[in-house]
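If you're matching positions, the sequence shown starts at 1 in my numbering and goes up one per residue.
Hints listed in this document are in silico derivations from the structure and should not be mistaken for laboratory results. Any given hint could be a false lead.
What the hints assert, rightly or not - Think about it this way: if two alpha-carbon atoms lie no more than 30 Å apart in a straight line, the pair counts; the simulated DSBU-like pairs of lysine-lysine are:
id : residue 1 : residue 2
1  : LYS112    : LYS146
2  : LYS112    : LYS100
3  : LYS112    : LYS177
4  : LYS214    : LYS69
5  : LYS223    : LYS177
6  : LYS225    : LYS213
7  : LYS177    : LYS127
8  : LYS112    : LYS8
9  : LYS146    : LYS214
10 : LYS146    : LYS213
11 : LYS127    : LYS223
12 : LYS112    : LYS213
13 : LYS127    : LYS214
14 : LYS100    : LYS223
15 : LYS217    : LYS127
16 : LYS225    : LYS127
17 : LYS69     : LYS177
18 : LYS127    : LYS213
19 : LYS69     : LYS8
20 : LYS164    : LYS99
21 : LYS127    : LYS8
22 : LYS127    : LYS164
23 : LYS177    : LYS225
24 : LYS112    : LYS225
25 : LYS164    : LYS112
26 : LYS164    : LYS146
27 : LYS146    : LYS8
28 : LYS177    : LYS8
29 : LYS8      : LYS100
30 : LYS100    : LYS214
31 : LYS217    : LYS177
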Amino acid sequence: MITERAQKILNAAIQEFIETGEPVSSAQLYENHDFGIRPAMIRFELEELAELGFLEHPYRSAGKIPSDKGFEFFARHIIHQPDQRISYEDEAISGLFEKKAWMELLDALSSKLGILGVVREHENVFKNGLENLVEHLEWETQDEIKTIIRDFVEIDSRLDTMEKLIEETPEFFIGGKNEIIRSNSLAVIGGSYEIDGDQVMIFAIGPKRMDYKKTVKIFKNLKRKTSNKN
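Generate coordinates for the entire structure from the input sequences, incorporating the hints supplied.
Structure representation (structure tokens):
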């Protein structure tokens, strides 16, 4: 368990990394946030968080980047934050969900979030957004991109495994925990919903630097819609 101050520093560091893609330093956090402590103490907290496995120290960099453990902590933290205001665009996505317009839903998700989206309803699998996903990838080798594309083609056969792993909605699978597409550079957010008596799974697959706040807001809104109906 980490202190409340360390949690604030960790969440701020991860949000900064998501926005910039650059290692985060204590000086940067001191300049952009008020934790009530000096840069030296922020630096100490970052080192402690690295020791606990939430952050990593890239080679030849003075800053820190999130580990898979850090990203998962950040994502789960967002779930328990007060619900954000639902935008017109979010409501439009919910409308497509309620109409079971799956390809239109996936197109909207992919365009808004820059992710690959997958829906399974019964034995039917719908997927869209591979081009958007590839455009948002960073640092991946050609071999890794080929693996991502191959796994995208074969994704149907892996959904049974993922369904068993969804214990709450949304659920997170960061880096190596992602069994849909074998890439340590990706994260998956998954949800299971009941709509008109049918069980539906939805997955958002994107870089680990995806916008978790927007994605979680959409998944929570869909869950709220189905809960209000049941």
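Against the structure, the hints come out as follows:
1. LYS112 with LYS146: Measuring from Cα to Cα gives roughly 24 Å; hence the hint holds.
2. LYS112 with LYS100: holds (18 Å)
3. LYS112 with LYS177: holds (25 Å)
4. LYS214 with LYS69: holds (20 Å)
5. LYS223 with LYS177: holds (23 Å)
6. LYS225 with LYS213: Holds. LYS225 to LYS213 sits at ~18 Å (cutoff 30 Å).
7. LYS177 with LYS127: holds (20 Å)
8. LYS112 with LYS8: holds (27 Å)
9. LYS146 with LYS214: holds (28 Å)
10. LYS146 with LYS213: holds (29 Å)
11. LYS127 with LYS223: Answer holds: LYS127 to LYS223 is near 20 Å, not above 30 Å.
12. LYS112 with LYS213: holds (12 Å)
13. LYS127 with LYS214: Given pair LYS127, LYS214 holds - Cα atoms ~20 Å apart, limit 30 Å.
14. LYS100 with LYS223: holds (14 Å)
15. LYS217 with LYS127: Status holds; Cα separation ~21 Å.
16. LYS225 with LYS127: holds (22 Å)
17. LYS69 with LYS177: holds (11 Å)
18. LYS127 with LYS213: holds (22 Å)
19. LYS69 with LYS8: holds (16 Å)
20. LYS164 with LYS99: holds (26 Å)
21. LYS127 with LYS8: violated (36 Å)
22. LYS127 with LYS164: Holds: LYS127 and LYS164 sit about 20 Å apart, inside 30 Å.
23. LYS177 with LYS225: Since the Cα atoms of LYS177 and LYS225 sit roughly 28 Å apart, the hinted pair holds (cutoff 30 Å).
24. LYS112 with LYS225: Holds - the C-alpha atoms of LYS225 and LYS112 are around 20 Å apart, at most 30 Å.
25. LYS164 with LYS112: OK: LYS164 and LYS112 at ~28 Å, within 30 Å.
26. LYS164 with LYS146: holds (27 Å)
27. LYS146 with LYS8: violated (38 Å)
28. LYS177 with LYS8: holds (25 Å)
29. LYS8 with LYS100: Not satisfied, since the Cα-Cα distance of roughly 39 Å exceeds 30 Å.
30. LYS100 with LYS214: At roughly 21 Å apart (the allowed maximum being 30 Å), LYS214 and LYS100 satisfy the hint.
31. LYS217 with LYS177: holds (22 Å)
Hints 21, 27 and 29, counting from the list given before, are not met by this structure.
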